[in-house]
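J.: Residues per chain, in single letters:
There are 2 protein chains.
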Amino acid sequence: MSSITNPIVEQLLNHRSIRHFKNKKLTDAQIDELIEAAQHASTSTFSQQYSIISVTDRHVLEEFAKITGHPWLLESAHYFVMVADQYRNLQIAKAQNADPFLLHTTDKFLASVFDASIATENIMVAAESMGLGATIMGSILNDSKKIINLLGLPQLTFPLLGIAIGYPDDQPELKPRLPKEEIYFQERYQLPADQTALQQYDQLLQAYYQNRSSNSRDETFTHHITSEVNRGHHIRADLLNNIQSQGFLVAQTKD
Amino acid sequence: MSSITNPIVEQLLNHRSIRHFKNKKLTDAQIDELIEAAQHASTSTFSQQYSIISVTDRHVLEEFAKITGHPWLLESAHYFVMVADQYRNLQIAKAQNADPFLLHTTDKFLASVFDASIATENIMVAAESMGLGATIMGSILNDSKKIINLLGLPQLTFPLLGIAIGYPDDQPELKPRLPKEEIYFQERYQLPADQTALQQYDQLLQAYYQNRSSNSRDETFTHHITSEVNRGHHIRADLLNNIQSQGFLVAQTKD
Numbered sequence: 001m002s003s004i005t006n007p008i009v010e011q012l013l014n015h016r017s018i019r020h021f022k023n024k025k026l027t028d029a030q031i032d033e034l035i036e037a038a039q040h041a042s043t044s045t046f047s048q049q050y051s052i053i054s055v056t057d058r059h060v061l062e063e064f065a066k067i068t069g070h071p072w073l074l075e076s077a078h079y080f081v082m083v084a085d086q087y088r089n090l091q092i093a094k095a096q097n098a099d100p101f102l103l104h105t106t107d108k109f110l111a112s113v114f115d116a117s118i119a120t121e122n123i124m125v126a127a128e129s130m131g132l133g134a135t136i137m138g139s140i141l142n143d144s145k146k147i148i149n150l151l152g153l154p155q156l157t158f159p160l161l162g163i164a165i166g167y168p169d170d171q172p173e174l175k176p177r178l179p180k181e182e183i184y185f186q187e188r189y190q191l192p193a194d195q196t197a198l199q200q201y202d203q204l205l206q207a208y209y210q211n212r213s214s215n216s217r218d219e220t221f222t223h224h225i226t227s228e229v230n231r232g233h234h235i236r237a238d239l240l241n242n243i244q245s246q247g248f249l250v251a252q253t254k255d
Numbered sequence: 001m002s003s004i005t006n007p008i009v010e011q012l013l014n015h016r017s018i019r020h021f022k023n024k025k026l027t028d029a030q031i032d033e034l035i036e037a038a039q040h041a042s043t044s045t046f047s048q049q050y051s052i053i054s055v056t057d058r059h060v061l062e063e064f065a066k067i068t069g070h071p072w073l074l075e076s077a078h079y080f081v082m083v084a085d086q087y088r089n090l091q092i093a094k095a096q097n098a099d100p101f102l103l104h105t106t107d108k109f110l111a112s113v114f115d116a117s118i119a120t121e122n123i124m125v126a127a128e129s130m131g132l133g134a135t136i137m138g139s140i141l142n143d144s145k146k147i148i149n150l151l152g153l154p155q156l157t158f159p160l161l162g163i164a165i166g167y168p169d170d171q172p173e174l175k176p177r178l179p180k181e182e183i184y185f186q187e188r189y190q191l192p193a194d195q196t197a198l199q200q201y202d203q204l205l206q207a208y209y210q211n212r213s214s215n216s217r218d219e220t221f222t223h224h225i226t227s228e229v230n231r232g233h234h235i236r237a238d239l240l241n242n243i244q245s246q247g248f249l250v251a252q253t254k255d
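Protein sequence lines correspond, in order, to chains X and W.
1 is the number of the first residue of the first sequence in our numbering; add one for each residue after it.
1 is the number of the first residue of the second sequence in our numbering; add one for each residue after it.
Bound-form chain X, shown alone:
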């Protein structure tokens, strides 16, 4: 553990996902501040290729709870959906009579995912600095088609991540991360030659899961990953098709 040099790094190192919230809403000023923080993140080629949608309608949030399998999101104070968005730039290109082909490519889809994800983390950092807690929810992709319908998402947009935010009603223990040598390399990709670091991490994470104050269980990292891959070939099997149906990832030739 390196010495922490300032309060911002200290906050980053103290991040935990919050899934229990007090019954207190955010103010419009707080929401504005979160959006502003998101907007000031870097975007690829400064093309601002994402959008943010606030979902407050209880019936829609109940659909989100079903899709994600996480009913606790209904207790959050505010819910954002981060959307990959080339549709806005498509309108601009069309108005200028420009050929919009590139907006449909893998490159521009990836750029949108970068932009939305990076903006997501700014919302997380801003929220935590304001005394709020949050969880990023990739589980909206369990039924991306339904999310697309619920939010009225046009061509060249795609829902990526939900963010459930509110005033924390618990303080989970910090979850240990992979040993640095498993995730950080010099010059070239090089996992450690032996399994020692990973085995020690398994023990560390097992102790965390056993000792944490709620939802304790017997679990290691290697077992967690194995469970993840064992969920079956059908998991989110329509995701690639749904992304392509929205107009992304078109075939592209070098000519």
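One thing to keep in mind: the hints can contain errors.
Identical chains share a label here; the pair holds if one copy fits it or two copies do between them.
Said to hold, decoys possible - Below, simulated DSS-like cross-link-like pairs (lysine-lysine); rule was C-alpha separation at most 30 Å, straight line:
no., residue 1, residue 2
1, K175, K24
2, K145, K180
3, K175, K254
4, K66, K254
5, K254, K24
6, K25, K66
7, K66, K94
8, K22, K94
9, K25, K254
No wet-lab data here; the hints were simulated from the structure.
Guided by the hints, dock chain W onto chain X, whose structure is given.
T.: Leaving out everything else, chain W in the frame of chain X:
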């Protein structure tokens, strides 16, 4: 502009990409702190599906400068590459005799992109809090195949973003972002019905580009987007193939 409630939000709102650096290296402790900050970001299903590679070899960085078209990266104090990584988890799955199919899916590729991008923003936020400046570089994707070779990236990994970091040697003006109504919606996707907000933004951005202290030019947002799409159908035409060659985005059936 909402009122800024704390120094962390203030920093986020003051972000600017730094491309001019003083001739001063980072210490190992600083680099460790940036890696730690990255590792403490959220990851999808806590699967930590990314890796970070430090590139310091001058010859390799010169290749990066050629690929990205940004020779100023050679003046940065430190260079990271953020890598989508399911290879580490593939080794874990294999060691447990688990079927690794899901790691090859669109879903897990997207999860890796989320993880790497979110960790990228933590590095940016941490760097700025330490008095450093940085630029995220998607331009490494100009030749992803070559980056893969330079970094020795195995199957189920893919290079996504570079980060050039150092002590700022300039202070660019803050670049105005899209009007909120163009990027933030309530309940459903809904761009403004008229072009007023966008036209005003064009004027705002034009004034920014004309008045900034260096690299001033005549440019609007709509013109910038039009230039982007007019670069030709061949732009990064091999990207989808290169991602698939690394083992990602496999076809998947619902059965």
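J.: Find the hints from earlier in the document that the structure breaks and name them by number, from lowest to highest.
T.: 3, 5, 7, 8 and 9
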